[in-house]
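Colleague: One line per chain: the protein sequences are X and U, in this order.
Using the working numbering, the first residue of the first sequence is number 1, and each one after it goes up by one.
Using the working numbering, the first residue of the second sequence is number 1, and each one after it goes up by one.
Any given hint might turn out to be false.
Note: identical chains are not told apart, hence a pair may lie in one copy or across any two.
Unchecked claim - Cross-link-like lysine to aspartate or glutamate pairs, in silico, EDC-like; alpha carbons within 16 Å at most:
no., residue 1, residue 2
1, Lys154, Asp118
2, Lys126, Asp142
3, Lys210, Asp233
4, Lys210, Asp142
5, Lys75, Glu162
6, Lys154, Glu227
7, Lys126, Glu162
8, Lys75, Glu235
9, Lys154, Asp233
10, Lys154, Asp212
11, Lys75, Glu237
12, Lys154, Glu179
13, Lys210, Glu125
FYI, nobody ran anything at the bench for these hints, they're computed from the structure.
Given the structure is predicted, the values throughout are model-derived calculations rather than measurements.
2 protein chains.
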Amino acid sequence: MDILRAQERRIDSETLVACSRRTSLRCLGAVSLAFGLGWSPEVLSGAERTTEKPNAMNLNPRLFSFVGGRNGPWKVLESRAVIGEPLSPVERLEVVAGNVAPGSADAAWVLRGATSNDRYVTRSEKDQLLARQPALGRSEADCAVLIPIRKNAKWWSLTTDERRQIFEERSHHNAIGLEYLPAIARRLHHCRDLTEAEPFDFLTWFEFAKSDTAAFDRLLTRLRASEEWNYVDREVEVRLFRGS
Amino acid sequence: MDILRAQERRIDSETLVACSRRTSLRCLGAVSLAFGLGWSPEVLSGAERTTEKPNAMNLNPRLFSFVGGRNGPWKVLESRAVIGEPLSPVERLEVVAGNVAPGSADAAWVLRGATSNDRYVTRSEKDQLLARQPALGRSEADCAVLIPIRKNAKWWSLTTDERRQIFEERSHHNAIGLEYLPAIARRLHHCRDLTEAEPFDFLTWFEFAKSDTAAFDRLLTRLRASEEWNYVDREVEVRLFRGS
């Protein structure tokens, strides 16, 4: 249930500015707000935001930080570059709901992204995904994989219909993913439109039981063989296990 | 050419953290980088970002801040709520390429957004738009209008195909906009996936000559009458004129 506990922590960005000048990531827990398990991007998307003066407490409620370093519930089993540059090697990973300053002393790297509305899914695909996808934090899901991905300028210069054609009609991204539900839980985070320039466009996060590892490997192989992956210019795979 | 000058200013976010504790927005100019006129979102989208440690200088290169207060080249002629809450009244507006801290003493409000890849445009529509749309900063375009918009949770829970159906097939958003080119220059900024929770989902920015005001008014009336606007739950219209 580590992920769920992480989701309960909300981080004050002013605290984090201060934190980044200290030596420990631990102070991040100084400010916390309840973060309900029933949360979904849609629920938080609208009416709550009524002020035009965002303040230190006013973070994007869909923001998550993936903190690579010496702490956190997830032990890094392997970290390798699939395409382009690797990430610095780290021992452990923590997933924090909120914003962690990249300069935090205990973090070798921090990757941030926000869950958002779907981009390339049709109603029929979405309904199937919603019906079959499991929640994160299942007790049996002791394996996780973080795969940060960047797509190239050519991808982003395409229009939505062209991207959808490649993503689904020719690469079957949704259809392939659907085959591995409910074994593989996933959450997609978007980085490209954050306030900061992030090194990746997406952070993909997967959770599954150890016994489903071969199925997960097969899923990865099929997606990486697709036309869509011609547009990926950086990809790192970080394999994790919950525990010490 | 005020907008173009504003685009030449790149802001160091650490400077801005310091700024927010002082009394003047003027210090924002302390750090500036060249910002080429030939810039487009696609050009900056990929290969430049190679580090996994974003630092203070590492802002989203597509980020703009709209600063309402007592300074800036744009005089506010009128600011009114079209749907939902108004913005605080201000005298002037400055458009800054980069991140301005909302707490800046001279600013009554700061709205931020980033230009991004197109969401609901087909290749044929995009090609027509690119062929006809003028650049910002034309010397004859002495009128500008900032229209921040928020869409409701229902909109964001729709899938892309459903949103596209409403946006274009039933509301003709692109087709209507195309009729007013090249008179009306525009730039769209996305706020929904920034690191902070912003009060609006989009900041739309228009520039045109005073003699095209009636055409612009007609454009607004037609878009606001469309089905798409059923999903708008906050909209403010800020009319601006360049000069004193």
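Colleague: Evaluate each hint against the coordinates.
Modeller: Status of the hints after comparison with the structure:
no.: 1; hint: Lys154 <-> Asp118; result: between (21 Å within a copy, 13 Å between copies)
no.: 2; hint: Lys126 <-> Asp142; result: neither (26 Å within a copy, 46 Å between copies)
no.: 3; hint: Lys210 <-> Asp233; result: neither (29 Å within a copy, 46 Å between copies)
no.: 4; hint: Lys210 <-> Asp142; result: within (7 Å within a copy, 64 Å between copies)
no.: 5; hint: Lys75 <-> Glu162; result: neither (39 Å within a copy, 41 Å between copies)
no.: 6; hint: Lys154 <-> Glu227; result: within (13 Å within a copy, 33 Å between copies)
no.: 7; hint: Lys126 <-> Glu162; result: between (19 Å within a copy, 11 Å between copies)
no.: 8; hint: Lys75 <-> Glu235; result: neither (20 Å within a copy, 47 Å between copies)
no.: 9; hint: Lys154 <-> Asp233; result: within (10 Å within a copy, 35 Å between copies)
no.: 10; hint: Lys154 <-> Asp212; result: neither (35 Å within a copy, 36 Å between copies)
no.: 11; hint: Lys75 <-> Glu237; result: within (14 Å within a copy, 51 Å between copies)
no.: 12; hint: Lys154 <-> Glu179; result: neither (29 Å within a copy, 28 Å between copies)
no.: 13; hint: Lys210 <-> Glu125; result: neither (27 Å within a copy, 48 Å between copies)
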